[in-house]
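Keeping their order, the protein sequence lines are chains A and B. Residue 114 in our numbering sits at position 114 of the first sequence, and the numbers go up by one each step. Residue 346 in our numbering sits at position 346 of the second sequence, and the numbers go up by one each step.
Hints were generated in silico from the structure; no laboratory data involved. Since the model is a prediction, treat every value here as computed from it, not as a measurement. Wrong hints could be hidden among the right ones.
Stated by the list, open to error - Simulated crosslink set (EDC-like; lysine to aspartate or glutamate; CA at most 20 Å straight-line): (1) A:Lys286 x A:Glu316; (2) B:Lys241 x A:Asp384; (3) A:Lys286 x B:Asp288; (4) B:Lys165 x A:Asp274; (5) A:Lys165 x A:Glu175; (6) A:Lys241 x B:Asp259; (7) A:Lys422 x A:Asp371; (8) A:Lys165 x B:Asp274; (9) A:Lys241 x B:Asp384; (10) B:Lys241 x A:Asp259; (11) B:Lys286 x B:Asp239; (12) B:Lys165 x A:Asp164.
2 protein chains.
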Amino acid sequence: MSLAASTPSTITSDAEAFLRDFRSLSVIGETPGHGVDRQAATAADAQARTWFTSLAAQYGFTTETDQVGNVFALIEWTPGAPYVLVGSHLDSQPTAGKYDGAYGVAAALHAGRRLAATNCETPKYNLAIVDWFNEEGCRFAPSMMGSSVYTGKLPANEALAVSDKHGTTVAEALEAIGHLGTGTGPIAAAYAEIHIEQGRSLEDSGTTIGLVHSCWAAAKYTATVHGEQAHTGSTVIADRKDALLGASMLVVLLREIADSFPDAVLHTSVGQLDVYPNSPVVVPSKVDVVMDLRSADQEVLAAATAMLHQGISRIEQQANVSIDVQQSHAWGVLPYQPAGVELARACADALQLTNAPVYTLAGHDSINMKDIVPTVMLFVPSVDGISHNEREYTNDADVCAGVDLLTEVVARLCRGELDGAK
Amino acid sequence: MSLAASTPSTITSDAEAFLRDFRSLSVIGETPGHGVDRQAATAADAQARTWFTSLAAQYGFTTETDQVGNVFALIEWTPGAPYVLVGSHLDSQPTAGKYDGAYGVAAALHAGRRLAATNCETPKYNLAIVDWFNEEGCRFAPSMMGSSVYTGKLPANEALAVSDKHGTTVAEALEAIGHLGTGTGPIAAAYAEIHIEQGRSLEDSGTTIGLVHSCWAAAKYTATVHGEQAHTGSTVIADRKDALLGASMLVVLLREIADSFPDAVLHTSVGQLDVYPNSPVVVPSKVDVVMDLRSADQEVLAAATAMLHQGISRIEQQANVSIDVQQSHAWGVLPYQPAGVELARACADALQLTNAPVYTLAGHDSINMKDIVPTVMLFVPSVDGISHNEREYTNDADVCAGVDLLTEVVARLCRGELDGAK
Numbered sequence: 001m002s003l004a005a006s007t008p009s010t011i012t013s014d015a016e017a018f019l020r021d022f023r024s025l026s027v028i029g030e031t032p033g034h035g036v037d038r039q040a041a042t043a044a045d046a047q048a049r050t051w052f053t054s055l056a057a058q059y060g061f062t063t064e065t066d067q068v069g070n071v072f073a074l075i076e077w078t079p080g081a082p083y084v085l086v087g088s089h090l091d092s093q094p095t096a097g098k099y100d101g102a103y104g105v106a107a108a109l110h111a112g113r114r115l116a117a118t119n120c121e122t123p124k125y126n127l128a129i130v131d132w133f134n135e136e137g138c139r140f141a142p143s144m145m146g147s148s149v150y151t152g153k154l155p156a157n158e159a160l161a162v163s164d165k166h167g168t169t170v171a172e173a174l175e176a177i178g179h180l181g182t183g184t185g186p187i188a189a190a191y192a193e194i195h196i197e198q199g200r201s202l203e204d205s206g207t208t209i210g211l212v213h214s215c216w217a218a219a220k221y222t223a224t225v226h227g228e229q230a231h232t233g234s235t236v237i238a239d240r241k242d243a244l245l246g247a248s249m250l251v252v253l254l255r256e257i258a259d260s261f262p263d264a265v266l267h268t269s270v271g272q273l274d275v276y277p278n279s280p281v282v283v284p285s286k287v288d289v290v291m292d293l294r295s296a297d298q299e300v301l302a303a304a305t306a307m308l309h310q311g312i313s314r315i316e317q318q319a320n321v322s323i324d325v326q327q328s329h330a331w332g333v334l335p336y337q338p339a340g341v342e343l344a345r346a347c348a349d350a351l352q353l354t355n356a357p358v359y360t361l362a363g364h365d366s367i368n369m370k371d372i373v374p375t376v377m378l379f380v381p382s383v384d385g386i387s388h389n390e391r392e393y394t395n396d397a398d399v400c401a402g403v404d405l406l407t408e409v410v411a412r413l414c415r416g417e418l419d420g421a422k
Numbered sequence: 001m002s003l004a005a006s007t008p009s010t011i012t013s014d015a016e017a018f019l020r021d022f023r024s025l026s027v028i029g030e031t032p033g034h035g036v037d038r039q040a041a042t043a044a045d046a047q048a049r050t051w052f053t054s055l056a057a058q059y060g061f062t063t064e065t066d067q068v069g070n071v072f073a074l075i076e077w078t079p080g081a082p083y084v085l086v087g088s089h090l091d092s093q094p095t096a097g098k099y100d101g102a103y104g105v106a107a108a109l110h111a112g113r114r115l116a117a118t119n120c121e122t123p124k125y126n127l128a129i130v131d132w133f134n135e136e137g138c139r140f141a142p143s144m145m146g147s148s149v150y151t152g153k154l155p156a157n158e159a160l161a162v163s164d165k166h167g168t169t170v171a172e173a174l175e176a177i178g179h180l181g182t183g184t185g186p187i188a189a190a191y192a193e194i195h196i197e198q199g200r201s202l203e204d205s206g207t208t209i210g211l212v213h214s215c216w217a218a219a220k221y222t223a224t225v226h227g228e229q230a231h232t233g234s235t236v237i238a239d240r241k242d243a244l245l246g247a248s249m250l251v252v253l254l255r256e257i258a259d260s261f262p263d264a265v266l267h268t269s270v271g272q273l274d275v276y277p278n279s280p281v282v283v284p285s286k287v288d289v290v291m292d293l294r295s296a297d298q299e300v301l302a303a304a305t306a307m308l309h310q311g312i313s314r315i316e317q318q319a320n321v322s323i324d325v326q327q328s329h330a331w332g333v334l335p336y337q338p339a340g341v342e343l344a345r346a347c348a349d350a351l352q353l354t355n356a357p358v359y360t361l362a363g364h365d366s367i368n369m370k371d372i373v374p375t376v377m378l379f380v381p382s383v384d385g386i387s388h389n390e391r392e393y394t395n396d397a398d399v400c401a402g403v404d405l406l407t408e409v410v411a412r413l414c415r416g417e418l419d420g421a422k
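Using the sequences plus the hints, can you model the full thing?
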């Protein structure tokens with residue numbers, strides 16, 4: 001049960017099989033711009049789930065769906081033993097790329113296929129490929145919903161009650177696509193995930209594999225800017241309480257804060273902004289924004305947060321509005337288990353794949369999983385670092401190298417080689 | 001047929017009748033904040049139309065609906081003669097006040113009721129009270145849709161094909177509420193409209209009646225800011241093309257332009273802003289904004305427009321985006337016929353109502369009508385100038401004084417006293 005023993009011809013055929021299956025996944029929910037739109041629990045997400053369960057059955061796995069729509073493809077070598085989980089997510093942002101999440105599920109499925117086909121000693125742990133529900137969080141907040149429920153960080157009933165902007169709940173949406181299951185899924189012994197980097201560091205350094213050692217710290221805030229409705233034509237400027245002016249000043253402020261730190265150590269953004277009543281001739285009375293600040297340096301993040309709060313007070317004065325800010329989410333720099341990074345490095349070296357330790361700047365389900373079991377997180381390069389964009393791309397050689405590596409890592413996890421890692 | 005002949009007790013009972021009917025209108029589409037939400041061709045708009053046609057029938061009018069949903073309540077004194085039209089609109093902005101538009105229709109209905117009940121010589125013209133379709137333009141753009149079609153400025157088929165943001169067309173929405181009529185309505189000989197001021201000038205000067213002599217000039221633009229989708233967490237700031245940053249800079253720029261002129265001679269605003277894909281973790285790729293600039297001085301407006309275009313070029317550089325700007329609507333300072341202002345002044349003086357010439361800063365259906373027939377536009381005060389807001393308010397005395405004045409003005413228009421005014 002070691003990929004190092006595979007012959008070159010097997011590797012080629014494994015790569016072809018992987019690329020064939022990945023192409024068949026990539027056309028599900030395809031957009032005119034050659035990306036995908038598979039938001040959580042939509043018809044396109046349901047189709048991708050069918051792609052997953054159909055292929056998993058073909059490759060010898062049984063499948064089950066848990067109480068919050070996580071889909072597991074299981075193979076039981078050792079009755080009653082816990083499972084090594086390996087996977088990612090099939091849901092996407094709107095007009096997203098084909099690789100984000102989908103690559104990780106497809107790679108996990110093929111690692112599982114290759115291990116299931118290997119005749120060898122019975123491993124210590126069984127194997128489960130997982131498609132986590134709603135990692136992206138664009139239709140239903142928060143993101144990483146499925147793995148948050150699985151790891152006990154979010155109560156299932158709370159997740160199921162979340163509504164999208166049309167008032168459809170997670171429970172209703174999952175029910176509608178036939179993916180509201182029961183139970184809490186298999187017991188995990190370890191976890192592995194592979195993903196595109198969504199940044200440039202691997203490409204810039206000519207490295208094939210990123211060994212993820214930590215996640216950047218993040219602070220996320222929701223803010224509601226309160227103004228007052230007025231007529232855009234007739235209300236004198238001095239009388240206006242323009243919530244959109246206040247919100248716009250907030251968007252500009254966040255970029256100014258990022259620019260005030262040297263060496264790109266801070267990322268800030270507003271991705272979501274909703275205006276009420278959003279009519280051409282009405283001064284807006286209410287604007288909701290979602291703010292996102294990230295850094296590898298928690299002191300930078302603390303300083304940026306202080307600048308944000310000072311700036312908000314100034315904006316309240318200047319725009320004649322009031323601003324309610326709430327922290328919706330925050331985490332410090334989150335390390336993965338060093339033994340997992342070492343295991344991944346040893347596997348990559350054995351396969352002669354260039355590798356380097358990297359941060360993840362984005363969130364992944366592995367960030368939840370590492371808190372309950374030893375976890376390995378791997379990256380392959382992203383061309384130009386493009387992410388959450390239809391033009392997201394990773395070349396086939398890197399994609400296939402990643403599947404090879406993941407297969408080897410999972411084989412070792414199944415043998416219990418990361419047991420006890422902290 | 002002169003209100004000046006009414007006895008005080010009649011006036012009191014006219015006022016009571018008006019206030020009773022106006023209250024019954026104000027609860028249609030009422031919001032929790034004691035305003036109304038009666039966007040064009042919604043269920044609430046349909047209910048308000050039923051309020052209008054029911055009362056009109058009770059007061060001796062016949063009603064008809066034209067090809068674009070304008071409702072006319074007709075009384076024919078002189079067979080075959082054209083009609084004096086008097087009215088406003090029953091549709092509203094979301095969470096709007098009870099007075100905007102609705103007061104003008106209710107006042108027109110009561111002016112008509114009082115004239116219809118008067119035994120006197122047969123007037124030269126017949127009378128039609130009108131509820132113009134979709135004056136507000138928030139559900140379906142452009143605003144003043146019904147009067148634009150009536151006056152030949154907008155082809156009916158173009159108006160009927162306009163879609164709201166859910167893809168419902170004007171034709172479908174009117175059909176759904178049973179208000180897609182036929183024909184082009186009665187032939188107009190003159191037009192009168194009364195409205196709340198939506199500004200403070202009457203209240204500040206302690207004046208009951210505004211004699212509207214001109215409309216401020218306006219320049220309206222739609223802009224699309226083009227950026228590129230990226231991951232908010234992982235994409236380095238230098239690589240971002242953040243469309244929301246560009247749009248926010250545009251909102252701030254517009255306010256800066258207004259502030260750069262002394263004495264509040266320029267009003268600027270962005271009331272509508274839509275973000276795509278509007279997900280918390282995606283840098284927006286596209287933002288649409290609607291910009292509105294108004295002034296009584298066309299040179300100020302031209303200077304402001306030049307500043308806007310310069311600012312847009314700077315923003316394109318600073319935010320690394322491209323911005324497409326299109327003028328959607330523009331007009332110069334638009335005078336009403338001076339003879340109409342004089343007629344209104346004479347009526348107000350006869351009724352001993354304090355009065356002053358005023359601009360309208362907002363658009364009204366009378367702006368369309370004055371281009372085809374002699375037109376009188378009247379204002380009553382707005383407390384604190386509050387408009388497009390649930391707290392919009394005009395006190396009962398001013399409201400009833402306005403109905404008295406409108407009755408007298410319409411009586412004179414029916415006698416042909418404004419014939420030939422240019």
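Violated hints, by number in ascending order, as checked against the structure: none
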